[in-house]
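Q: Chains A and B are the protein sequences, given in the same order. If you count the first sequence from 1, position 221 lands on 288 in my numbering, and the numbers rise without skipping. If you count the second sequence from 1, position 265 lands on 332 in my numbering, and the numbers rise without skipping.
For the record, the hints were derived by calculation from the structure and aren't laboratory data. Every value quoted in this text rests on a predicted model; they were computed, and no experiment measured them. It cannot be assumed that every hint is accurate.
Because identical chains cannot be distinguished in the list, a pair is counted as satisfied if it fits within a single copy or across any two copies.
Said to hold, decoys possible - Under the rule of at most 20 Å between Cα atoms (straight-line distance), these lysine to aspartate or glutamate pairs were calculated in the DMTMM-like manner:
#1 Lys-229 - Asp-209
#2 Lys-229 - Asp-324
#3 Lys-111 - Asp-262
#4 Lys-133 - Asp-324
#5 Lys-133 - Glu-76
#6 Lys-201 - Glu-73
There are 2 protein chains.
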Amino acid sequence: MSDGFEILETHRCFGGTQGFYQHRSTATGTPMRFSVYLPPQAEKGPVPALYYLSGLTCTADNVTTKGGAQRYCAEHGLAFVAPDTSPRGDGVPDDAHWGLGQGAGFYLDATQAPWATHFKMATYTVDELPALVKARFPIDADRWGLTGHSMGGHGALTLALKHPERFRSLSGISAIVAASQVEWGRGPLRAYLGDDPAAWAEHDACALLRARGWHGDVLLDQGEADGFLDGLRPELFEAACAEAGVPLTLRRHAGYDHSYYFVGTVIGDHVAWHAERLYGA
Amino acid sequence: MSDGFEILETHRCFGGTQGFYQHRSTATGTPMRFSVYLPPQAEKGPVPALYYLSGLTCTADNVTTKGGAQRYCAEHGLAFVAPDTSPRGDGVPDDAHWGLGQGAGFYLDATQAPWATHFKMATYTVDELPALVKARFPIDADRWGLTGHSMGGHGALTLALKHPERFRSLSGISAIVAASQVEWGRGPLRAYLGDDPAAWAEHDACALLRARGWHGDVLLDQGEADGFLDGLRPELFEAACAEAGVPLTLRRHAGYDHSYYFVGTVIGDHVAWHAERLYGA
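With the rest of the complex left out, here is chain A (with noise of 0.2 Å):
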C-alpha cells in the first residue's frame, strides 16, 4: 500500500481486538507507530473512538498496555486510539532531554530547525491518523472524543480547542494547561516555534479556551500527590473555565501521584464520560 501501512500485532481483548500498526506519515515524513482498540460492538458497524495521547518519554505501546481502558471501553462501545508522541528514528533530530525532541512532541507544528522537518504532530493527530484510521478501521470519524495525560493532556486541550469541529468530546488526566506559563513548556515551545510568545499562546490550553471557548464541559482529573503539579497548574484551568463559562469538572484525587496507577483509576471514569456525549445526541 501507498501508506505503508502494517499490522505489527493483533490481540484479542474483552471481546474486541487490540492491534499494533504502523504507516508511514506523509506529515512527519517517518514509519508511525499507533495502536487501535476495537470493542466487539465494532463488529456490527461503525463505534465512536476515544483518542488518547500519551505523556512526555512514552509510545503507544503505555497507555495500551498499563492504561486498562480495554474493558470500559468494551463495556462501552468505543473505540480506543493511541498514538505515538512524537517522530522517531535515526534521521529525526532529538534531545539529550526527554522533555524535547523524540518522545515529546507536544502535538503541535514545529516551525524552527532543526524539529520542522518532522514535527509536524498538530498535522500528523488531528488530520492525518484519523483519516487513516476511518479509512481502515470501523470506527465513525465524526464522534470523536479526546483525551490524553499530561503532555497528552495539552496536546488533548489544545488541539480540540483548535479544533472544535473535529472533537465532539474533551477530558484530561494530569494535564499540562498552560504550555506557555511552566517550564515543562517553555522550553519546547521555545524550541519548536522561536522566541515570539504570541506563538506559544497558540499551544497554550488556557489562552486557548479563554479565547476561543469549547463548546461543550470538560472533565479533568488531577491526583494531589502528582509530583509535577508545577508543571500542570489544574487551578489555571480552572480559572480559565469560569473564565470563559465552559463547564468544568475538575476532580482532585488525594494520594494519587503521577503514574499510570493513576490513569488506570480514573480511566474508566473518562470512557464512560466521553460515551455518554458521542452517543448522545
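Please build the complex by placing chain B on the supplied structure of chain A, with the hints as guidance.
A: Only chain B this time, still in chain A's reference frame:
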C-alpha cells in the same frame, strides 16, 4: 531490619495501594522483589489474599503493571501478592535459554548443581514470602487463594496440591498442567531435579491431582489461539480432574492468545472466583 525489607515504591490505585518491595530471602540466599496490592478494605482490618505466580521471563512487574487486577481486587476486598519467578543476580546461575535459570524457577526446590544453592522457589513461595507478608501487611494468612499464568499456573497448581492446608482456593490461566510430559517442563525438571522421573511427578500437576486430589474446585482458563498449547495441554488436566473427581471449570476462549491481553480479560473472573471462596464459610 534483619530481613532487609525495603519499600521500593508505592502508588495509590483504585482507592488502595500498589507497592513494590524487596527483602533478603533466606530460602534463596538472594534479594527478592515482590509486589502487593492492598485494597481499600485493608484499612479496616486484614483481608484475604490472592497470590499470583507469573510465567517464564516475567518478574512481579508484568502482572502488576499489565494485568489490571487492582480494580477487581478493590471491588472484592482481596490483596494481590505477586512474587518474582526466580532468584536473580550476578552470583546466581543462569542459562542461555529463557526457559531455564533466572526468570524460570518453576516454583520448585532444586536438588542439582549448580541450581540447588539458590533455586528454592517452593520454600520461598509457600513458606517464606507468606510469612513475611503476614507480618508486614494487613493480610489474613489463613485465607489465601493461589493462581498463576503459564509457568505460574504450573506453580499454582502444584504448590496448592502439595500444600492444601495453605491454600483455600485455586485457579490457573494458560497453565502448564503436566510439566513432566511437555518439552517446556522436562528440560527444567531434569536440570533442577536430576534424571529420576519419580522426582518429576512431584512437580506435575496432573500426577499430583491423581495422587492427592483437591479439597475444592478449580477454575482454568485457556485461549484457543495460544501459540504454546503444546506446552500447556489443558485436556490432560481435564482428564485428571475427571479421574480424581475434582470439579473443574475449564473455559476455552476462542481467538485468545498467551499474552497479558488474555490475562487481563479473565483476571476479573479469577479475582471473583477466589473472593467467593475466601470470603465464604
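Q: Between copies, within a copy, both or neither: which fits Lys-133 and Glu-76 at Cα up to 20 Å?
A: both (17 Å within a copy, 17 Å between copies)
Q: Checking Lys-111 and Asp-262: alpha-carbon separation at most 20 Å within a copy, between copies, both or neither?
A: neither (51 Å within a copy, 56 Å between copies)
Q: If the cut is 20 Å between Cα atoms, do Lys-201 and Glu-73 qualify within a copy, between copies, both or neither?
A: within (15 Å within a copy, 50 Å between copies)
Q: Which holds for Lys-229 with Asp-324 at a C-alpha limit of 20 Å: within a copy, between copies, both or neither?
A: neither (29 Å within a copy, 41 Å between copies)
Q: Go through the copies and call it for Lys-133 and Asp-324: within, between, both or neither, with a Cα cutoff of 20 Å.
A: both (15 Å within a copy, 18 Å between copies)
Q: Classify it for me, Lys-229 with Asp-209: is the Cα-Cα distance of at most 20 Å met within a copy, between copies, both or neither?
A: within (16 Å within a copy, 58 Å between copies)
Against the hints set out earlier in the document, violations occur for numbers 2 and 3.
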